[in-house]
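Peer 1: Keeping the supplied structure of chain L fixed, place chain G upon it in accordance with the hints.
The lines below spell out each chain.
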Amino acid sequence: MKRYRNKFIYGAGLVLFAILPWTLGVYNQHVLIVCLFYTMMAASWNLLAGYTGQISFGHAAFAGIGAYASGILAVKAGLHPWVGVIAGTGLAALFGLLVGMLCLRMGGIYLSLTTLGFSEILHIVINNEYEITRGTMGLQVPGLMVDYSKLAYFYIFLAATLFTLVVVYKLVHSNAGLNFRAVQNDERAASALGVDVVRVRLLAFTVSSGLAGLAGALYGHYMLLITPHIPSLDQQFLVLSMTVIGGLGSFVGPVIGAFCLEILSEYIRAWGEYHVLVFGLIALIVARFAPKGLVGIYKARWGKSRPAAA
Amino acid sequence: MKLIQGIGIKKTFGGIKALSDVDFEVEEGTIVGLIGPNGAGKTTLFNIVAGAFAPTSGTVRFEGREITGWPAYKVCRSGIARTFQVTRPFGEMSCLENVAVSVVNRQSGISRSQWTTLAAECLETVGLSDFRATEARHLNVIQKKRLEIARALATRPRLLMLDEVLGGLNSQEVQESIDFIRGLRDEKGLTVLWIEHVMGAIMQATEKVIVLDQGSVLTTGTPESVVNDPRVIQAYLGD
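Here the protein sequences come in this chain order: L and G. By the count of my numbering, the first sequence reaches residue 315 at its end, each step adding exactly one. By the count of my numbering, the second sequence reaches residue 758 at its end, each step adding exactly one.
Next comes chain L alone, as it looks inside the complex (with noise of 0.2 angstroms):
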């Protein structure tokens, strides 16, 4: 009975929101896909980091690679953006697969590491090749329609986002779930138990690298710009701050941290870049104070405690 209310409950929020756009003006429903967007992000580095428990900073890296794939397929190629986004979302997974087999059998600070080294060395080729990139003056690229409508957007990243977080949901609550979160409790038991550690890792990071591939190439294509502020280390620790002011590891973690955060900076847009300090500053006061976000104090003040998994 609690089952089919809470799926009620869920159903109509979702309607809901989807109805919300037609009440808003342009600016609003372009913070909310900007929202979407972010949630995409957020729910995708959470897989890994809250999951797997592996600290990437490549993520919105891995969105600018999805984005710069997309966006020079359809100017130097021509071809239609819908298949840059999904040639984009396959690179941005290949990509995380390279870089997973090449630094995840070390594990721990080490892919932290590399994917921020990889994070910057993409920085710079963007920066310096100009001819393909356009670098800092960014490259325009084609809208996803022949109209550009902020609620056809609207739609589109709605439905990716689901998409997104229905995969997560997925993996999850799977067998390769299960074995996500041994690896995050203990590597050594989980190996001890059968657990090809390396290799849940490397799925993980596949699986999280393409989601963001994906979220970056329709931001690209939304924006009708893309710049090499998508693969910025700026982007990076605003989706950090968002997953853990949220909730690390939580299903809704993520959701409600893109959604609260991005719409807070809307309003401190005027400080400039510091909003990111100020995020940064809130997501370690969270980190040591309430580990599990926000998510995690409503949890703990007003949650029963969960039934039985089984």
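Hints were generated in silico from the structure; no laboratory data involved. Any given hint could turn out to be false.
Keeping only pairs whose Cα atoms sit at most 20 angstroms apart, straight-line, the calculated SDA-like set for lysine to any residue is [claimed, not checked]:
{"no.": "1", "chain 1": "L", "residue 1": "K12", "chain 2": "L", "residue 2": "V257"}
{"no.": "2", "chain 1": "G", "residue 1": "K707", "chain 2": "G", "residue 2": "E582"}
{"no.": "3", "chain 1": "L", "residue 1": "K297", "chain 2": "L", "residue 2": "L286"}
{"no.": "4", "chain 1": "L", "residue 1": "K304", "chain 2": "G", "residue 2": "E654"}
{"no.": "5", "chain 1": "G", "residue 1": "K727", "chain 2": "G", "residue 2": "F699"}
{"no.": "6", "chain 1": "G", "residue 1": "K593", "chain 2": "L", "residue 2": "M111"}
{"no.": "7", "chain 1": "L", "residue 1": "K12", "chain 2": "L", "residue 2": "L163"}
{"no.": "8", "chain 1": "L", "residue 1": "K175", "chain 2": "G", "residue 2": "R631"}
{"no.": "9", "chain 1": "G", "residue 1": "K529", "chain 2": "G", "residue 2": "E585"}
{"no.": "10", "chain 1": "L", "residue 1": "K175", "chain 2": "G", "residue 2": "S630"}
{"no.": "11", "chain 1": "L", "residue 1": "K297", "chain 2": "L", "residue 2": "I60"}
{"no.": "12", "chain 1": "G", "residue 1": "K593", "chain 2": "L", "residue 2": "M106"}
{"no.": "13", "chain 1": "L", "residue 1": "K304", "chain 2": "G", "residue 2": "A652"}
{"no.": "14", "chain 1": "L", "residue 1": "K175", "chain 2": "G", "residue 2": "G628"}
{"no.": "15", "chain 1": "L", "residue 1": "K304", "chain 2": "G", "residue 2": "R656"}
{"no.": "16", "chain 1": "G", "residue 1": "K593", "chain 2": "L", "residue 2": "D191"}
{"no.": "17", "chain 1": "L", "residue 1": "K297", "chain 2": "G", "residue 2": "G610"}
These figures come from a predicted structure and were not determined experimentally.
Peer 2: Coordinates of chain G only, in the frame set by chain L:
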């Protein structure tokens, strides 16, 4: 038939010799004790057999096949399960999920309802049925040790390696555990290699005892012959 066999196993950590030239073998269907004073290298030997790390030199054979240097997950899938002396539960997962990790890696593609049933059976055999939904970090030390055994059994091993599972138990619980482990051998045909400091249990449960001292095998024999061996007594008590 020799189920597991180690030949000339050597392990150094930096300049420290943890094991030098260890030969041992365990016959299929037996319970073999591995004893020795602290620092003798018992757990190091376990780690090498289980693939936690590779030996510096030497060979490990399981069912006649060389498994030296295999990664731990592969050793496990080939039929060797081990428990950890200091328990390593997946603290934030329920007991059922802890055991399920073993089950899904033994039988890939198994459905949720199937692994739930199998994992629940394993929890029942170690008497943890009431704790299915409890997060493992909430268990006490003894329950954590039982969970270790349940997880190991759920990998459906042919060789079970136990690392001090009796510590902290009272005499009645020790007896129950001995009966349980003998039952595993008698009913399921498991072979057991068992590190234990509780000598009464070794005397009662094992057919053969391997004594390690300072990284090499001091002697091997029946439990009675080993405890009466002056060299063994000397190793434990010092000169």
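Peer 1: Against each hint, give a clear statement of whether it holds in the structure.
Peer 2: Results of checking the hints against the structure:
no., hint, verdict
1, L/K12 / L/V257, "15 angstroms, holds"
2, G/K707 / G/E582, "17 angstroms, holds"
3, L/K297 / L/L286, "16 angstroms, holds"
4, L/K304 / G/E654, "16 angstroms, holds"
5, G/K727 / G/F699, "18 angstroms, holds"
6, G/K593 / L/M111, "18 angstroms, holds"
7, L/K12 / L/L163, "18 angstroms, holds"
8, L/K175 / G/R631, "12 angstroms, holds"
9, G/K529 / G/E585, "16 angstroms, holds"
10, L/K175 / G/S630, "13 angstroms, holds"
11, L/K297 / L/I60, "16 angstroms, holds"
12, G/K593 / L/M106, "19 angstroms, holds"
13, L/K304 / G/A652, "18 angstroms, holds"
14, L/K175 / G/G628, "14 angstroms, holds"
15, L/K304 / G/R656, "19 angstroms, holds"
16, G/K593 / L/D191, "17 angstroms, holds"
17, L/K297 / G/G610, "15 angstroms, holds"
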